Every structure is written in C-alpha cells, then in structure tokens.
Amino acid sequence: MSQFPAAERKARPTQRQWNEWRWAWGLIAPTMIGLIVLNIIPIFQTVYMSFFKSGAFGKGNLYVGLENYRTLLADTQVWSATRNTLVYTLCVVGIGTVLALLLAVALNGKLRGKGVYRTLYFIPMVATPAAVTLIWKWLYNYRFGLFNHLLSVFGIAPVNWIDDPNVAMISIVIVGIWSTLGYSMVLLIAGLQEIPRDYYEAAQIDGASAQKQFFHITVPLVSPTLFFVLVTSVITAMQVFDIVYMMLGVTSPSYDATVSLVYLFYNNSFKYSNKGYGSAVIMVLLVIILLITALQNRMQKKWVHYQ
Amino acid sequence: MEKLSFSFRKHRAPILLHAVLILISVIMVFPFVWMVLTSLKTVTESTRMAPFSFLPESFQWVNYATVWKQNDFFQLYLNTFGMVALRVLCAVVFSAMAAYAFARLTFPGKRFLFGLVLFQMMVPTQVFVIPQYLMVDAMGMRNTLFALVFPGLVSAFGTFLLRQFFMGLPKELEESARLDGCNIGQTFVWVMLPLTHSGLAALAIFTVLFAFKDLMWPLVVNTDIGAATLSSALSKIGSSYSVDYPNLMAASVLAVVPMLLLYSVFQRQFIEGIATSGGKL
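Protein sequences appear in the order of chains D and B.
The first sequence begins at 1 in my numbering and counts up by one.
The second sequence begins at 1 in my numbering and counts up by one.
Hints in this document: simulated from the structure, not taken from any laboratory.
Here the structure is a predicted model, which means the values were calculated and not measured.
Some hints here could point you the wrong way.
Beta-carbon label-pair distances, calculated as ranges [stated by the list, open to error]:
id: 1; chain 1: D; residue 1: Lys110; chain 2: B; residue 2: Val265; range: 26 to 32 Å
id: 2; chain 1: D; residue 1: Tyr142; chain 2: B; residue 2: Phe266; range: 36 to 42 Å
id: 3; chain 1: B; residue 1: Pro108; chain 2: D; residue 2: Leu66; range: 26 to 32 Å
id: 4; chain 1: D; residue 1: Ile195; chain 2: B; residue 2: Leu89; range: 36 to 42 Å
id: 5; chain 1: D; residue 1: Leu66; chain 2: B; residue 2: Leu173; range: 54 to 60 Å
id: 6; chain 1: B; residue 1: Leu173; chain 2: D; residue 2: Ile195; range: 41 to 47 Å
id: 7; chain 1: B; residue 1: Phe59; chain 2: D; residue 2: His305; range: 53 to 59 Å
id: 8; chain 1: D; residue 1: Ile292; chain 2: B; residue 2: Gln75; range: 38 to 44 Å
id: 9; chain 1: B; residue 1: Glu172; chain 2: D; residue 2: Ser273; range: 55 to 61 Å
Note that beta-carbon positions come from the ideal geometry of N, C-alpha and C, so glycine has one too.
Pulled out of the complex, with its shape left as it was, chain D reads as follows (with noise of 0.2 Å):
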C-alpha cells in the first residue's frame, strides 16, 4: 500500500516539480544539445565511416566492411605507432611523475625561494608545444645547434638527434617530459598540503626516518593525486602529436620509430585523404585509452587510499 503514493507522484508531477525539471533542460540544453552534436555522435559516425574507402575523388565512399581493419593489422607502421605511442607514455608519465613528485615535495616544505621555483618549472606549460619544439629542435639541430656544440667542447661527437632513429624517440621524450612536469608538480604540492602536518610530527616523535615517512605516510596520502595525476598524464601523452609532428616530417629517417597513432591518424586522413582508413587507426588509440582507463580503475583500488 505505502508504495502508492510513491509512484502516483513519479506518475504526476507537481507544479513545483514541473517548474524545476524545466528549469533544469533549459539549463543543460546547450551543453547537452552540443555535446550531442558535437561529441556524441560523431565517435559512431566515426566508427561507421571505418568501415568506408574514401579516396581522393569526390565524395564518393565505398563500403568494404572490414577491410580497413584488416589493413591495419598487417600495416607495419600502425603497429611501430602503437608501440610508439607506449613507448612514449611509458616513459614521460614514468620518469615525468616521479621527478615531478620529488619536487613536489621538496617545495612543499620550508623552504626558501619555493614560490620561485614552482613559477619558474610551470613555465613550459603555458608555452605552446609549436613553438616548444621548434626550439628544442634548434637546439637538437645536428651542424648548428647547441648541445652537438656543447659535446664538442668536451670532444664527443655530435649526436643526430632527431634523424637518427636509435636516437629521436629519446629526444622527444625529453621534451615531453620537460614539457609537462610543471603541471604534474603543481598537482602534487597541492594534494600534499592536504596531509595533516601532526602526521609527520608523530612520526619524527616514533624515530622515523625521512624514506619511511615518504614511503608510508608522503605517498599513502597523496595517492588520490597521484591517481588524478597518472591518468590525466597518461590520456594526454597517449594522445602525443604536436611535438612529433613538428619535430619531424615524414620523410625524416626516423619516421617509423617515432610516428604516434594520432600522427598517424592525422596523416591518413588529411594528408592522404583516406578518412575511413585514418577512422580505423583512431578506433586502435581509443580502445587502448579505454582498456588502460578500466585497468586503472580496477587497480586503483589496491595502491589508492581514499580518506
């Protein structure tokens, strides 16, 4: 019985119900309705078109089912992306958060010129990557530029940074990793100001050293952060383009042991104007994105502790 007036009321609504639920559409409406547009339809239309020839002629696109993917599984060069694309996020959000925790907390404490510092390693952050690498490039450049002049003074001989392909993925992660930690470290000085200050008074007063206060109560409790940190970090760089393209076009030696998978979207579909083929590359990064997301909930559970 008592179930009655409950569903008579989700059946009518109030005046007052009615005022707030068309309040509310009006409110979301245009987010919603672009979001839809915008974003919503577009990842299907984006899958429906991978299964699409689109040449050059017109607009004429030819259904052929599978045969994208099948392409894709045999295309040598979507598979050294894929690994490039790992590779890559592999070590920016690997050597890129441990260095930025480390200095995360080393300016969280007292010490002097901290505001100083984390102006100064926010810097590239604000920077756009288009101009970031063209100077890192010059910087890279194999006659002219400053580090192979650098080596020279100490008579080692000069590196091709960026054309030799044992070395270019090497040199990108460098500005990668330049490129991002201050944004990383601002995060983390900020989840660690949240840690309770008598925590690590009642550890000094039990005789812990500084590796065990890190270790188990630094890490511990900043580890919703860090969590934050590490997903966002590897989204992004699993979305790396800017620096490889205009660090090196595709006639560039190390082409192959550098091209991202969005590189290598962007080349397919604008470039060489093959849309459904490039759709099908996009499809292999979003299905990466999602599995890592999903194994990073699953894990997050065991290493994140939430307060």
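Guided by the hints, dock chain B onto chain D, whose structure is given.
What follows is chain B alone, placed relative to chain D:
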C-alpha cells in the same frame, strides 16, 4: 670545531637542494633564453661554429619586423585571441548553467545525461575530429573564426569541474534565496554563481591554456594562412624558414609572448586554478 661541523651539517641539505633546484630552473628556462638570443642574431652568426657565438654581436631587431610582415602576425593574433576569447565565453557560460542543474536540481534523465558528460571525457578528442571537420565543411565555414571555436562551443570537462564546485556549496543559502522569492534562475545567477568564482576562474584559465596550445584542429580546418592561429601558422613557418633559425626563433618568440605575459601577470591564479581543478576532479 664541534659546533662548526654541526652547523655545516644542518645547512648542507638545503644548499645541495637549492643547487639541484637552481639547475632544474636553468633547464626549464634556458630554452626560452636561447630562443630570444638566436632571434637577435644574423643567420651567419647563428650557424657559425668557430668562434661559437653565445650572445648576439649586435641585436638584429629587424628579424622581428621581417617575420611580422612576411606572416601577417597581426592577423594571427586576431584569430588566436578571437578563438580563445569565444571558447572561454562559451565554456564558462554553458558549463556553469549545465553544472548547476546537474549539481542542484532533480529532473528526469539526469543520471543518463550526466553519464554522457563523463563518457565524452574518456574519449580521445581525435575521435571527433573527422566528423567535426565534415560538419564545418558542409556548412561552408572552413577558414573562419567560427570554425576555430566550433569544437569548443561546449565543454564536458567544464561541466564536470563546475558541478564539483556547486556541490561543495551549502544548501541553506539556496533555500533562503528561494524563500525570499527568487526563482531557480535568479538563485543560480545572483546567489550561487558568485560563490563559484574560483571555479569559473579555474575553468577560464584551463580553457585559455589549452585553446592556445591546440594544434591539430586549426591545422585541419583553417588551411589558409590568413585564418590560421599562432600554433598552426608556426608549423607552416617552420617548414618555410628551414635554415633561417633567427627568423624562426623570432616567430616563436612572437607566438609564446602573449601567454608568457598573461602568465607573468596572473601567475598565482594560473597555478591555483590548475591546483584546485586537480583537487576537484
């Protein structure tokens, strides 16, 4: 002697730490210094290996004039600032509206629609690029300011971020406003919105930062150099000035200066904005 060594031990750690931190500061800032130094040299000077030139022998300000004229930087600034300003306006206004409804109102379809917001945030943006490009193309709007703003008309991220801010506000304020006779819209605009100013600022900063950096979308949709942004124009300049590094660096200076200026003025807001957004997500 005992006392001296003790005080040395006490100060050694900070001195070593400062040495490391200063070294890192140099690494973070030096590339920008080298960019400016190179931009003021002649091509011969910049490519001379012996004697290697560190500081410019005479300042070649003319490089800036050359680059400005050859690439119509005035137009590039106009396009970039226009895009950034409109994206910020759209993101902040529409996200605040939607975020308030999701945080404070009950309505049918709320869970499902918010699920769409969360879903969008998980999908890499490149998945949207081809369909968005085809839409702009079908509207005949390529090479326009509208095209640059198009993907940023709404922001799922902004909606999510601001919802967190609204959820953190006390319910009593809203109830007393409603008792005083405000309708939902008035409560939102006059009572709740002013209380989330730090959230709005964080979203604005985020949007500025990432709109400025965006490279692929302007590259794809505005292929005319006159409709390009600073970022996308740099990629074209980069290939046309292949060996003219002083001019290339002058162009890079012109491209990074607006954000560096903005950062030097609103430094605290930038860092706090990023920090609070991280804490809220």
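Query raised in the report: Are there hints from earlier that the structure breaks, and if so, what are their numbers?
Result: 3 and 6
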